[in-house]
Amino acid sequence: AQSVSQHNHHVILSEAASLELGCNYSYGGTVNLFWYVQYPGQHLQLLLKYFSGDPLVKGIKGFEAEFIKSKFSFNLRKPSVQWSDTAEYFCAVNARYGNNRLAFGKGNQVVVIP
Amino acid sequence: DAMVIQNPRYQVTQFGKPVTLSCSQTLNHNVMYWYQQKSSQAPKLLFHYYDKDFNNEADTPDNFQSRRPNTSFCFLDIRSPGLGDAAMYLCATSRDSLNTEAFFGQGTRLTVV
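The listed protein sequences correspond, in order, to chains Y and Z.
Per the numbering used here, the first sequence runs over residues -2 to 111.
Per the numbering used here, the second sequence runs over residues 306 to 418.
Calculated directly from the structure, the hints in this document are not laboratory data.
Treat the hints with care, as some may be off.
[What the hints assert, rightly or not] Below, simulated EDC-like cross-link-like pairs (lysine to aspartate or glutamate); rule was C-alpha separation at most 20 Å, straight line: (1) Z:LYS343 x Y:GLU85; (2) Y:LYS55 x Z:ASP401; (3) Z:LYS349 x Y:GLU85; (4) Y:LYS58 x Z:GLU406; (5) Y:LYS46 x Z:GLU406; (6) Y:LYS46 x Z:ASP401; (7) Z:LYS343 x Z:GLU362; (8) Y:LYS103 x Z:ASP382; (9) Z:LYS357 x Z:ASP390; (10) Y:LYS103 x Z:ASP364; (11) Y:LYS103 x Y:GLU12; (12) Y:LYS103 x Z:ASP401.
Bear in mind the structure is a predicted one, so any value in this text is a computation, not a measurement.
Sequences and hints are given; from them, build the entire structure.
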C-alpha cells in the first residue's frame, strides 16, 4: 500500500513570498502523483498531476511540482504567492497499475497574509 | 457547475441512529469513491464502486455500508454511528479505474451527538 508524508502542517507566509511544500511517498512500484487544493468552504480541486513524461509539472494558478524518483518526492512550488492561495494543500498518490485508489497526505494548511 | 454533489453539507445524528449520506454526479463516471476525513488527518478511502462492483477497503468497519443504485448516485450508510465516526465524508468520482484524476464533492460534515 502507498503512504504519503507531508511536513509542516501549518505554513504562514506573506504575499509575494515563495512557497514550497514537501511531499514524500512510499511505494515500491510505479505511481501517479497529484496535488489537490481545498479553498475555504470549497471542495478538493486538482492543482496538478504527474502520470509520466517531463518530471516538472505545471499546474493551475502558477503552481508547479517536480517528481524526483530517486527521492520519492513530489514537492509543490509557487514563486510568489497571493492572498487567494490561502487554502489546504494535499499531496496524493496512487499505483499506476492499480485501481486508482488515492492515498493522501495529511495536508498543509497555508495562510497567506496580505 | 457542480459535478459531484453531496447532500447534506452538514448532518447531525444521534449516537446509534442510522444515517445516510448521499452523493450524485453529472459526469457519467464509472467509478465512485467514499473517503472519510477526520480532523487534521488525511482522507482515508472507505470503499469504491467500479460501475456496480463494490470494493471494500480491508480496514473499513462493518458499520459502514454503501449502495449505488445507478451510475449517478451513491449512498453511504452508517448503521450505528459512534462518536468516533464524526468526520467529513468525501465523495469522489473518476472516469475509469486507471490513471485518471478524481473529482470531489464538497463533503458532508457528520456530527454525532
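Please work out if LYS46 (chain Y) and ASP401 (chain Z) have their alpha carbons no farther apart than 20 Å.
16 Å, holds
Is the hinted pair LYS103 (chain Y) and GLU12 (chain Y) satisfied, with a Cα-Cα distance of at most 20 Å?
Roughly 24 Å between the alpha carbons, so the hint for LYS103 (chain Y) and GLU12 (chain Y) is violated.
Are LYS103 (chain Y) and ASP364 (chain Z) close enough, with their CA atoms no more than 20 Å apart?
This hinted pair holds, its Cα atoms lying about 18 Å apart.
Hinted pair, alpha-carbon criterion (20 Å max): LYS343 (chain Z), GLU362 (chain Z). Please report holds or violated.
17 Å, holds
Is the straight-line distance between the alpha-carbon of LYS58 (chain Y) and that of GLU406 (chain Z) 20 Å or less?
18 Å, holds
Given the hinted pair LYS46 (chain Y) and GLU406 (chain Z), is their Cα-Cα distance within 20 Å?
8 Å, holds
Has the given pair, LYS343 (chain Z) with GLU85 (chain Y), been kept, meaning a C-alpha gap of at most 20 Å?
Judged against 20 Å, a Cα distance of about 14 Å means the pair holds.
Pair hint LYS103 (chain Y) and ASP401 (chain Z), alpha-carbon separation not exceeding 20 Å
25 Å, violated
Within 20 Å, alpha carbon to alpha carbon, are LYS55 (chain Y) and ASP401 (chain Z)?
Violated, at about 23 Å.
With a cut-off of 20 Å on the C-alpha distance, tell me whether LYS349 (chain Z) and GLU85 (chain Y) pass.
16 Å, holds
Straight-line alpha-carbon gap LYS103 (chain Y) to ASP382 (chain Z), limit 20 Å:
Violated - the C-alpha atoms of ASP382 (chain Z) and LYS103 (chain Y) are around 25 Å apart, more than 20 Å.
Straight-line Cα separation of LYS357 (chain Z) and ASP390 (chain Z) no greater than 20 Å?
26 Å, violated
Violated hints, in rising order: 2, 8, 9, 11, 12; the structure is consistent with all others.
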